[in-house]
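Single-letter residue listing:
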Amino acid sequence: MMSRALSPTVVLPLLFVVVAVGLALYPLVGETFYVRLMAKIIVLGILAMSLDLLVGYTGLVSLGHAAFSGAAGYITATLILKAGVTDMALLLPASLAVSALLALVIGWISVRTSGIYFIMITLALGQMTYLFFHDVSYWGGTDGISVWDKPVLAVGGWTLLELSDRMVFYYTAWACLVAVYVGLWLLMRAPFGQIVRGVRINPGRTQALGHDVHRHQLAVFVIAGTIAGLAGFLEVARSGFMSPAHLGWHESAMVLIIVILGGMGTLVGPVIGALTLVLLEDWVADLTSHWKLIIGLFVIAVVLFLPNGLVSLLTRGAGPSWLRGRRATPAEAQAEGGDDG
Amino acid sequence: MDYTYYLIQAMNGIQYGFLLFLVASGLTLVFGIMGIVNLAHGAFYMVGAYLAYWLAGATGNFFLGVAVGVPIGVVLGLVIERLGFVHLYHRDHLLQVLFTFGMILVIGELITILWGDDVHGVSVPAMLAGSVALTDTQAYPVYRLFISAACIATAGGLLALIRYTRLGMMIRASASNREMVELMGVDVNRLNMAVFGLGVGLAAFAGMIAAPVNSVHPTMGDDILIMSFVVVVVGGVGSIQGAFWGAMLIGLADTFGAVFLPEAAGVVVYALMALVLVWRPSGLFAAR
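As given, the protein sequences belong to chains A and B, one line each in that order.
7 is the number of the first residue of the first sequence in this note's numbering; add one for each residue after it.
6 is the number of the first residue of the second sequence in this note's numbering; add one for each residue after it.
In short, the hints are calculated from the structure, not lab data.
All C-beta atoms in this analysis are idealised placements derived from N, C-alpha and C, irrespective of residue type, glycine included.
No incorrect hints appear here.
From the structure, some residues in chain B lie toward chain A, with a derived Cβ separation under 10 Å:
#, residue
1, Gly89
2, Leu93
3, Gln101
4, Phe104
5, Ile109
6, Leu110
7, Glu114
8, Asp227
9, Ile231
10, Val237
11, Val274
12, Leu282
13, Ser287
My request is simple: use the sequences and hints to build the entire structure.
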């Protein structure tokens, strides 16, 4: 077990509090450029947390997760551009519903399989969603959709949130980040979360205990897809832009890398991963036009030297032992199942 | 729209299917024998196409370019196997996916540095430049027939290798029980190298002979990778036979999808895959 002072049960939520407070205070001191970058990081952090729910907690390695945020983003952008809808009370539920529905369909096909099949199928179905938005001319082709109007939340003539204001957007996204973290943290402590962890560690035994493995996997898949939809909505509200590239499998793979870089199965790790990767990309892109070469080498180095992520540096190698190249012994698996993220 | 038109489309579909088979068979072998999900497999196809572009230009002879290029591709693949993949055996699929994705970025960027971002063309070798007349107005290019023939010959050679040679025996045994083969005293390290080299060679060769009909550009590896994944999933991971029928099915579906449903052409193949998986979750010819 971990030493008492560094138990992940305490360290991880504490770490999130530090990160969240840091993000909340940053606009008071940071330059405009970096505040914008932080907004991007917050949105990406939400997307990465939702993927962590799949990969880190349920053991479902999805390589098509960007499809859900992208589909929600397209619905948001299309409603704003073609129907003139800016009411957030309409835009947000609509985009969440679309991503949830898409996740239900893709999940229903995918959770019937496991292991490498699951990876390949989520990749292929994500690519299918990409091609749908890419090929059908209604969605604007490769150029995507640009919108100038931003979502507004108003109740009875009172304007509560105007996302065109950068600070309002920043703190709305921040509130979403905190809400998603708290929601998922509670969910993973609830009986549902315990069963889901059981599904990852030993699907056969979980099934034998009377829990429907596929139904739980599908439920998690839909929850993760819906949260990804939230990230997609926020992305359009942030940048006013949605294009097929947002759905492509390179995007999905980058989100997966963010999850691993930060530390999977920790929820706070993906946020730290988003922070690290976005800042690194920004820095490297300034150095050379061949930044992809450096990012590629960085990804390879992370896989080889830090497969448990940055957070594991704090929790002294906590994290799933099955990533270290051998299967966990039953005792370890149990210890892992007892950790809290 | 007469029969000849559909005949030409069918021949295109079959030719595409053969190409997909060469790439997908390597992908399925590398997974079946080495237990590695190799996203970089499409990058080797792309490397092949760029080698063909470079060597055909440098030597002035396409066939000489292919003859020199395949060994270069294989050596490159083996170096990468020794430096990189060796760390991935027995690791989780998730890490293999990310590692090979990192390699896609590196290989793609190196190619951009060497040959630029532009779309390149490779001209069809003069002796195969003509076409065969099917009716008074429609003809079929000889070079596409050559691609199919070259693929049939390669596929035949591959099957013979797997069925009749000692290496093939070890490959078949490894596919069904890797640990047992290791315990029987087979040098798994060398077997892995052989299989990986074979896979890279097939992908690079496919990229080379496809270069004159498809343009050579930095995203071509991605396109073929996703299609090969679909083929492998439809056929059943680890099965060469499955890869063959899967490739034919997908090649024809993709070609006729573009004919009948031009706006939804890309989606047809995936819808077909989804249907197959709902019916048989581990593919048509599941190895295990």
